[in-house]
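Student: Chain residues, written in single-letter form:
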Amino acid sequence: GESVGLHLPTLSVQEGDNSIINCAYSNSASDYFIWYKQESGKGPQFIIDIRSNMDKRQGQRVTVLLNKTVKHLSLQIAATQPGDSAVYFCAETNYGGSQGNLIFGKGTKLSVKP
Amino acid sequence: DVKVTQSSRYLVKRTGEKVFLECVQDMDHENMFWYRQDPGLGLRLIYFSYDVKMKEKGDIPEGYSVSREKKERFSLILESASTNQTSMYLCASNRRIQETQYFGPGTRLLVL
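These protein sequence lines are chains A and B, in that order.
Position 110 of the first sequence, counting from 1, maps to 110 under the numbering used here, and the rest follow consecutively.
Position 100 of the second sequence, counting from 1, maps to 100 under the numbering used here, and the rest follow consecutively.
Simulated from the structure, these hints should not be mistaken for lab results.
One should not assume that every hint holds.
Unchecked claim - Cross-link-like lysine-lysine pairs, in silico, DSSO-like; alpha carbons within 27 Å at most:
#1 K53/B with K18/B
#2 K109/A with K18/B
#3 K42/A with K71/B
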């Protein structure tokens with residue numbers, strides 16, 4: 001989920017388990033959402049995106065679910081691996097609007113235990 | 001693949017120094033962005049640019065300026081570095097303003 005204060009929420013999972021990372025977005029007008037992965041000391045890396053006309057999108061080992069009713073986004077990682085350890089954060093924007101840079105969440109730290 | 005590069009991975013500067021952070025993208029993207037990232041605060045937008053020689057203030061422009069003389073290059077300038085500007089600085093670019101932004105590796109700046 002979204003972090004408050006100085007410490008990121010942490011999700012700790014066993015290698016091979018599935019991970020679910022959640023994000024509550026703020027703007028009901030947002031219609032485009034992105035998940036990023038940021039490994040320690042590196043820049044954020046695009047994982048997957050979804051538009052508001054969809055409620056589910058799948059990539060390689062990742063699935064994003066969108067619930068517009070409660071303004072909730074989740075990222076599911078199947079068969080989590082040690083290389084998935086990173087901070088994950090969501091971003092939202094109003095794709096069809098005249099303005100609208102991305103608004104980023106503060107992130108969740110995923111820790112994978114071998 | 002989109003490639004965004006930043007001139008330095010690590011920088012150590014003294015208070016009062018003028019600091020230049022350079023960012024280059026190779027995908028002919030129209031838009032470029034500078035963020036800083038601090039623990040607990042996430043990504044905060046400093047400045048962005050829609051086109052060459054154009055710039056717009058983000059959420060925290062104070063103490064910073066930018067320059068975009070060429071489409072592929074966007075520079076962040078700290079006119080007089082202060083210790084509260086110690087941070088991770090991230091550059092990003094995209095084709096359309098509401099689309100996915102692609103990030104560089106970041107520059108970790110320490111101001112002493």
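Student: Would you mind marking each hint as holding or not holding in the structure?
Tutor: Quick rundown of the hints versus the structure:
1. K53/B with K18/B: 21 Å, holds
2. K109/A with K18/B: Violated, at roughly 34 Å.
3. K42/A with K71/B: Satisfied, since the Cα-Cα distance of roughly 24 Å is no more than 27 Å.
Going down the numbered hints, you'll see the structure goes against just number 2.
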